[in-house]
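Engineer: The primary structure of each chain is shown beneath.
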Amino acid sequence: QSVLTQPPSVSAAPGRKVTISCSGSSSNIGANYVSWHQQVPGTAPKLLIYDTDKRPSGIPDRFSGSKSGTSATLDITGLQTGDEADYYCGTLDSSLSDPSVVFGGGTKVTVL
Amino acid sequence: QVQLQESGPGLVKPSGTLSLTCAVSGGSIISSNWWSWVRQSPGKGLEWIGQIYHSGSTNYNPSLKSRVIMSIDTSKKQFSLRLSFVTAADTAVYYCAIQRVELLPYFDYWGQGMLVTVSS
Numbered sequence: 006q007s008v009l010t011q012p013p014s015v016s017a018a019p020g021r022k023v024t025i026s027c028s029g030s031s032s033n034i035g036a037n038y039v040s041w042h043q044q045v046p047g048t049a050p051k052l053l054i055y056d057t058d059k060r061p062s063g064i065p066d067r068f069s070g071s072k073s074g075t076s077a078t079l080d081i082t083g084l085q086t087g088d089e090a091d092y093y094c095g096t097l098d099s100s101l102s103d104p105s106v107v108f109g110g111g112t113k114v115t116v117l
Numbered sequence: 179q180v181q182l183q184e185s186g187p188g189l190v191k192p193s194g195t196l197s198l199t200c201a202v203s204g205g206s207i208i209s210s211n212w213w214s215w216v217r218q219s220p221g222k223g224l225e226w227i228g229q230i231y232h233s234g235s236t237n238y239n240p241s242l243k244s245r246v247i248m249s250i251d252t253s254k255k256q257f258s259l260r261l262s263f264v265t266a267a268d269t270a271v272y273y274c275a276i277q278r279v280e281l282l283p284y285f286d287y288w289g290q291g292m293l294v295t296v297s298s
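Going line by line, the protein sequences match chains W and S. Quick note: the first sequence uses this note's numbering, first residue 6, plus one each step. Quick note: the second sequence uses this note's numbering, first residue 179, plus one each step.
Hints were generated in silico from the structure; no laboratory data involved. Glycine included, each C-beta is placed from N, C-alpha and C at the ideal position.
So the derived label-pair ranges between C-beta atoms look like this: (1) D103(W) to S210(S): 15 to 25 Å; (2) S235(S) to A18(W): 42 to 52 Å; (3) S30(W) to E280(S): 17 to 27 Å; (4) T265(S) to K22(W): 37 to 47 Å; (5) K59(W) to E280(S): 10 to 20 Å; (6) S30(W) to T265(S): 21 to 31 Å; (7) K22(W) to S193(S): 47 to 57 Å; (8) P220(S) to P61(W): 21 to 31 Å; (9) S210(S) to T82(W): 25 to 35 Å; (10) D286(S) to G87(W): 15 to 25 Å; (11) T265(S) to Q6(W): 15 to 25 Å; (12) Q183(S) to P46(W): 18 to 28 Å.
Heads up, simulated SDA-like pairs for lysine to any residue below, C-alpha to C-alpha not over 20 Å straight-line: (13) K222(S) to P13(W); (14) K113(W) to T24(W); (15) K51(W) to Q181(S); (16) K51(W) to V180(S); (17) K59(W) to Y287(S); (18) K51(W) to S203(S); (19) K51(W) to K222(S); (20) K51(W) to P13(W); (21) K59(W) to D286(S); (22) K51(W) to D286(S); (23) K51(W) to L282(S); (24) K113(W) to D88(W); (25) K113(W) to G20(W); (26) K51(W) to P220(S); (27) K222(S) to Q44(W); (28) K243(S) to S102(W); (29) K243(S) to Q6(W); (30) K243(S) to L101(W); (31) K222(S) to D91(W); (32) K243(S) to D103(W); (33) K51(W) to Y287(S); (34) K222(S) to S28(W); (35) K222(S) to G110(W); (36) K51(W) to G221(S); (37) K254(S) to Q179(S); (38) K222(S) to G47(W); (39) K222(S) to E89(W); (40) K59(W) to L281(S).
Taking the hints into account, I'd like the entire structure generated from these sequences.
Structural biologist: Given below as structure tokens:
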């Protein structure tokens, strides 16, 4: 069971928008930055969003991140077939004596 | 651009010790980066194992802390993971990765990953 909760899957037609939610608590998302990584099956994850809403160089602005309270969101607009992948949110959890990076269980995006 | 490459045995016996090394190329291992390990059990999500700085400072996932030791060899430009008393639940693809800042939850570069199976 992951510390952060994501829907197992979302889907939409090409060109449409999908929203992936990531739910946590006051000791993780509520207090820390959020990241999003994209993973095409069989390959290593790739950083998509860091510091909640920043994109690394080379990531198109179709990908955007936000946070409200103890939940974070990744929006993908203008959906493309190449966006089919698993998406993971991550943050720091400071509820224990040793803070730890935690991830959501992942959301599979399907382009219909 | 920094590149990372994992290496080590792909099969470990139960109750044994998993040992992996990550070779760093294309950049200095003595930098502001933290050098990390993340694993992914078959069909499952990502799990952060821990990170090490070039000074030897470490941060570990509390759930694995009692079994994990990370080390770094700056002269060889590599860092290592040892996970003791392994069980089938430790079967996973193990990735080495770079965290830009201590305990910030994002990884700029990743190795290709290495499948380690725990089985007799």
